[in-house]
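Under this note's numbering, the first residue of the sequence shown is numbered 1, with each subsequent residue one higher.
The set of hints was computed from the structure by calculation and includes no laboratory data.
Heads up, a few of these hints could be off.
Unchecked claim - Dumping the calculated EDC-like pairs for lysine to aspartate or glutamate here, alpha-carbon to alpha-carbon at most 20 Å: (1) K402 x D358; (2) K62 x E180; (3) K132 x D121; (4) K175 x D114; (5) K285 x D331; (6) K538 x D305.
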Amino acid sequence: MAPSPRKALSSLVGLAVAVQGAVTGRSYTPECGGLQRLIRVQHNLTANERVFRASAPYYTSKDSDQHVTRTTMDCLRARGITLVISLNSKASDEYLRNTLTQQGLVYLPLPVEDFGAPTLDQLALAWALFVKHRNGTLVWCGYGHGRTGTLITFLQMSVQDELGQKPRWGAKDYKRNSVEMTVQNALLDEVQFRLRRGLRNNINASIPSTSTALVELRVKNGDFDGIDCPQVLHDAWTQSSKSSRKYKRTLPGEECKRAREMLLRHECGVDDFSRPAATLYSPGKSLVLSRNGQGNLVVRSWNRDRWSEGWSNYGGSLAGDPAVMLISNGDLRIYARSADNHLLASGIYNGKWIDWGDLGGDIAGSPSAIWLGAAGIRVYARGREGQLLERRYQGNQWHEWKNLGGYIFGDPSAVWLGAGAGIRVYARNGQGQLIEKSYQGKDWHDWKNLGGQISSSPAAISSNAENIRVYARNHADELVELSYEKRRWLKNWRNLGGEITGSPGAVLLGDGVRVYARSATGNLLERGYWHNKWQDWKNLGRNDCDGQKSELREEL
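Using the sequences plus the hints, can you model the full thing?
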């Protein structure tokens with residue numbers, strides 16, 4: 001098969017750059033025994049896996065340009081490689097096979113035509129051998145991009161699944177692995193679908209509707225023609241949060257619309273419990289923090305007059321959305337719940353990012369945190385029995401958890417009103433009403449019922465003891481506000497409209513208020529209050545909701 005002009009040109013350019021040992025955005029080993037673009041893959045793998053990718057040895061422009069020399073073998077041995085998986089269309093070449101096996105290597109030929117995708121049967125063979133050679137596997141095809149990237153992505157997904165993580169990869173993630181073609185993307189979508197159904201060790205199993213991943217992709221793109229919408233809605237519901245059971249009551253004819261919303265939300269890790277957190281970071285700069293579908297902390301920033309292009313990913317393994325608290329300009333504390341229901345702590349300390357630490361406990365939801373100045377930090381969360389829990393940092397140490405009682409639903413939201421007025425914690429009770437617990441005069445007071453009918457966790461902000469605002473989602477999925485002014489709560493909730501999912505998050509900035517929430521499709525929404533009036537809703541989009549990998553200390 002004649003090489004494509006694009007592949008031939010990229011080969012010449014790639015060879016010239018690889019010899020110098022550097023490619024924009026990646027660090028490649030200089031040509032090593034004819035292996036170009038040789039790199040160790042580390043993302044989404046554990047320290048026990050040593051996986052490499054490269055071109056076929058001595059590849060120039062077509063698949064038949066491959067042969068193994070003594071220097072090739074030296075290169076493989078130096079890296080401890082014991083398994084070579086080839087997706088080159090000429091992978092079954094007997095000379096190549098014999099040369100490698102006679103040198104003691106295991107060689108797995110999985111021939112795939114250029115720009116094609118391996119079959120599920122081929123993936124099953126690759127996984128079966130990979131698990132025996134985790135500490136020394138090399139994957140190549142021809143140039144080392146599309147076919148190689150497809151198999152590498154499959155291995156990464158499978159390792160994630162093995163660790164109990166749910167792979168949530170999208171087209172941009174595939175592209176970062178140099179996956180090139182739609183057919184390769186479609187295969188990887190199908191792989192994710194099968195992994196979610198527990199088929200890691202039987203990825204090529206015969207199951208009904210093996211094209212379900214493609215069906216889901218069409219639904220997410222709004223193409224409902226010929227789709228079994230009730231079945232797709234059922235499949236989407238099984239992936240979503242338990243509280244999404246309400247979608248079982250979807251009206252006939254709206255199943256695909258609801259399924260699309262749920263699939264898009266799920267792709268971004270958004271469910272009925274999601275609550276974005278927001279904070280001022282420095283003059284003119286604010287941050288919105290959330291959790292993506294892989295449990296990583298993701299951040300978007302507003303800097304004076306514009307939003308960052310997308311979410312930035314700072315890793316971690318969170319089971320709920322974070323709480324963030326500003327100590328001083330550029331000094332943050334971030335708290336979240338771990339998969340084993342412990343309280344995690346991280347943030348910026350004296351200008352440096354500190355990795356997550358485990359503060360223990362047994363919490364059931366996302367925390368809320370407040371800074372009391374010289375009196376330290378208070379963190380609140382719901383316990384496993386529905387009670388409100390408090391953990392206090394004071395005198396340079398964390399104190400034991402304190403049970404404040406009550407029976408709350410969802411997550412609490414706390415505000416500090418000053419030394420004289422104390423603390424207020426807001427939550428939702430089992431009847432959907434807003435309740436308040438106050439700390440004043442060195443004592444906690446009984447819960448107070450503030451009424452209303454809300455369907456989400458509340459978000460509270462305060463500028464002083466005389467001004468409190470609480471935001472929530474009502475039963476019509478609209479944003480509502482309850483205000484405390486002049487030492488009394490206003491009688492009625494104010495309807496701020498919109499159509500939101502999960503719970504809102506709110507922050508008080510120098511020029512007013514910002515409220516953030518998620519849309520039915522997982523987009524980030526903002527409504528702001530400044531110049532003494534509420535501004536229109538702004539849709540900030542999805543913008544690579546999984547986030548680009550970043551270093552917080554460098555970017556913020």
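The hints, checked one at a time:
Of the pairs offered as hints, the one joining K402 and D358 holds, with about 17 Å between alpha carbons and a cut-off of 20 Å not exceeded. Between K62 and E180 the alpha-carbon distance is near 17 Å, which keeps this suggested pair within the 20 Å criterion. For the suggested pair K132 and D121, the alpha carbons sit about 18 Å apart, so the restraint of at most 20 Å is met. Between K175 and D114 the CA atoms are separated by roughly 17 Å; this keeps the pair inside 20 Å, and the hint holds.
With a C-alpha separation of about 13 Å, the suggested pair K285 and D331 falls inside the 20 Å cut-off, and the hint holds. A hinted pair counts as satisfied when its Cα atoms are at most 20 Å apart, and K538 with D305 qualifies at roughly 14 Å.
In summary, the structure agrees with every hint in the numbered list given earlier.
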